[in-house]
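Asker: If you read the sequences in order, they're chains A and B. Numbers 1 to 181, taken from our numbering, label the letters of the first sequence in order. Numbers 1 to 420, taken from our numbering, label the letters of the second sequence in order.
Calculated directly from the structure, the hints in this document are not laboratory data. You may find that some hints are simply not true.
Unchecked claim - Under the rule of at most 30 Å between Cα atoms (straight-line distance), these lysine-lysine pairs were calculated in the DSS-like manner:
#	chain 1	residue 1	chain 2	residue 2
1	B	K70	B	K47
2	A	K100	B	K287
3	B	K287	A	K44
4	B	K198	A	K44
5	A	K44	B	K189
6	B	K64	B	K287
7	B	K126	A	K44
8	B	K185	A	K44
9	A	K61	B	K305
10	A	K132	B	K126
11	B	K285	A	K100
12	A	K166	B	K305
13	B	K129	A	K48
14	B	K305	A	K44
15	A	K48	B	K189
16	A	K48	B	K126
17	B	K198	A	K48
18	B	K305	A	K132
19	B	K70	A	K154
20	B	K194	A	K161
21	A	K44	B	K285
22	B	K198	A	K132
23	B	K329	A	K132
24	B	K189	A	K166
One letter stands for each residue in the lines below.
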Amino acid sequence: MCSRFLILFLFSALSYADVEIQLAQPLLETEIQEYDITVFPDGKNLPKGVGNVLQGKQLYKDQCQLCHGETGIEGPAARLAGNDGWFSFSDPLRILRIDKYPVLLISVGSMWPYATSIFDYIRRAMPHYAPKSLSNDKSYALTAYILYLNGIVKEEAILDKGNILKINMPGENRSVIGWPE
Amino acid sequence: MTKNLKALINRRSFLLGGMALGAAVPALALPGDNKNIIGQSYPSWMKTPGGQIEAYGTVAQYEKHITRHKAKDTAQTQLFSVWHSPIENQQGIITPNGLHFTVNHNGVPDINPEQHVLKIHGLVDKPIKLDMQTLQRYPMVSPIHFLECAGNTAPNAVSLTALDLSAQELSGQVSGAQYSGVPLKYLLKEAGVKTRGKWVIAEGADGGSHARSIPLSKLMDDAFIALYQNGERLRPEQGYPMRLFVPGWEGNANVKWLHRLEVTDQPAYTKDESGLYSDILNDGKIKRFSFHMDVKSVITQPSGKMILPVQKGFYEISGLAWSGYGKIKQVEVSINEGKSWQLANLQGPVLSKALTRFSIPWHWDGKERVILSRATDEHGHVQPTRSQWREQYASYSFNHFNAIQAWSVNSNGLVENYYV
C-alpha cells in the first residue's frame, strides 16, 4: 500500500504537460470593483460624472500647467496639444524646446485615437506628483479642457460618459494596427 | 572553557595586529637580514593580510565608476527617468542587476511583498488572486532573455547628424539576464479564460498604474511572471516583487510591479499605446501595437568615445546581437564602411530572444576605418541600413530603431558615432 502511493506520487511529479494547479484564492466581486479602473474605447468602465471646459481650465492652471505649460505645448512634460513632428507649428521656440525635451515631438491631441484614454490616464496617474487624487468629475473636466486646447470641442462643452464616446480624435484615422503582424 | 577560548581569540587578534605592524616596520631587524626576505619588490597586497567580506558583495573599488548613466535630455521630470546600461564595459551576455537599464515613468514604488496581491479577472470563469507565498509554489522557468526599450538608440533615429555619443549613451537601453518566474499559462488556465477573451490588460502597482494591452496568445505562449533576475529577487527598479515578462517584446510591455491582469475582448489604448510607444510612418499614419523588438546588433568594443590605446596592431572587435523573433543566425562585420563583410564568431550560448556575443579578430593598420556589424536572425530578418530604416518612418519617429550601427576610428584611435 505504502509503495503504491509512492509510485503514484513519483509519476505525478514527472510531467508538466497535464499539470493543473488550483492554488489561487477566489477574487471577490467587491475586490474587482475596487481595482477595475481601466476605461475602454467602447465606453466599458466609464464612470458617471460630468465636467466642463471652464472647470478644466481652472484645474489645469492649478495642477497641470507647471509641467505641461500654459497652452499644453511648452513642456517639459509630454505635449498635450497641437500636431506631432518637428514643423508646422506656431511656436517659434519649438525646435529649441524639442531639442531639450524630445518627447514634445509627439502630441496627445494629434496622436491619441480615443478620448476615453485621456480620461483613463488623468484619473489613474495625474497629476504626476499626486496620482489618483482627481475625482471622476474633475477627470471629465480636464479631459474636456485638453480637447478644447486641441480645437476638438468648443469652450462651452460639457463632457460625460455619454458624449465622450462621440468625440472624434484625429489620431483614430491615422491608426495602423501592428498586431497581429 | 569559554574563558580559554576568549583568551585565544584575543591572542589571535593581537598576533594579526602584530603581523600588520611587522610588515611595515620589522620589529627584529638585524643588519643584512633584508637579503633573506622574499618579495621586497612585491606589491603591498602580497605582504599584508587581506580585507574583510561584505555581507552583500559589491564590485572592486577600482570598478565603481562603471555605472548606469541617466539619459540627459530624455527625462521630462524627475519621475520619468531613463538609465542606460554601460554595454561597452560588459562581456558575455548577462548584465549585472545593478547595471541593468531601467526606464521609469512614475518613479519606483516601494512595495511591501506581504501586501502585494496579483489579481486575475475579466473574461474568466473564476476570478482569482494570488499572494507572493502562493505564487512561489507554482512551477518556474528560468530562461535567458534580452530586454530592450522601444526607444533605444533614438538619437540615431532622429538626429540629422551623428551625435558624439558612447555605446552606453546611444544604445544602453538594452540588457540581458536570466529571469525566473511562473508561466502565465498556468494562472490563466486556472482562472479559465472565456472564448471571447483575446487581450489582457496588464497593470502595475506603481503610482501611475502603468498599463499595457497584451495579446492573450503571447501570454499563453512564452510569457511569464518574473520574480527573480540573475538568481536573486527582482530589484525595485525592475518591478519588485513581480513583473510581466514577454520575451522579445518592447520593454514597456513587460509591466513592472504587476498586480492586475484583466482579460478582455479588446485593447484598452492606454497612455503609452496611444502615443509614446507607437511608430509614426512616413505617410503620417501611426502604427500601434508593434510589440516585437527587431533584429539588431552593436559593436561594443571598440565603440563611441573610446580611444584605442595603442595605434596599429591586434584588437578584438566584439559586440552584442539580439532579435525579438528568435535566435541570432549570423553577424557580419565590416571594417571598410560596408564594402565587404566577414562572418563574426558567435561566442555562444546562442539563445532565442537573448543577447548573443559576437567577436572577430582585427589587425588595425592605423588608418581611418569605419566598422559596422549586421545581424541576421533565424527567421531571415536582417538589420537595415540607417537610410533603409528612415524611409519607413516619419523624420521624428524614434521607436524600434534597429539600423546598422557604424563607428568611425580615426588615425589617432578615436572612435566616434558615424552615419554611413
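Asker: None of the hints should be skipped; say for each whether it holds.
Answerer: Tested hints:
no.: 1; hint: B:K70 with B:K47; verdict: 41 Å, violated
no.: 2; hint: A:K100 with B:K287; verdict: 25 Å, holds
no.: 3; hint: B:K287 with A:K44; verdict: 24 Å, holds
no.: 4; hint: B:K198 with A:K44; verdict: 16 Å, holds
no.: 5; hint: A:K44 with B:K189; verdict: 25 Å, holds
no.: 6; hint: B:K64 with B:K287; verdict: 42 Å, violated
no.: 7; hint: B:K126 with A:K44; verdict: 20 Å, holds
no.: 8; hint: B:K185 with A:K44; verdict: 26 Å, holds
no.: 9; hint: A:K61 with B:K305; verdict: 44 Å, violated
no.: 10; hint: A:K132 with B:K126; verdict: 28 Å, holds
no.: 11; hint: B:K285 with A:K100; verdict: 26 Å, holds
no.: 12; hint: A:K166 with B:K305; verdict: 53 Å, violated
no.: 13; hint: B:K129 with A:K48; verdict: 28 Å, holds
no.: 14; hint: B:K305 with A:K44; verdict: 52 Å, violated
no.: 15; hint: A:K48 with B:K189; verdict: 34 Å, violated
no.: 16; hint: A:K48 with B:K126; verdict: 28 Å, holds
no.: 17; hint: B:K198 with A:K48; verdict: 27 Å, holds
no.: 18; hint: B:K305 with A:K132; verdict: 44 Å, violated
no.: 19; hint: B:K70 with A:K154; verdict: 42 Å, violated
no.: 20; hint: B:K194 with A:K161; verdict: 27 Å, holds
no.: 21; hint: A:K44 with B:K285; verdict: 26 Å, holds
no.: 22; hint: B:K198 with A:K132; verdict: 28 Å, holds
no.: 23; hint: B:K329 with A:K132; verdict: 47 Å, violated
no.: 24; hint: B:K189 with A:K166; verdict: 37 Å, violated
Checked against the numbered hints above, the structure breaks hints 1, 6, 9, 12, 14, 15, 18, 19, 23, 24 and satisfies the rest.
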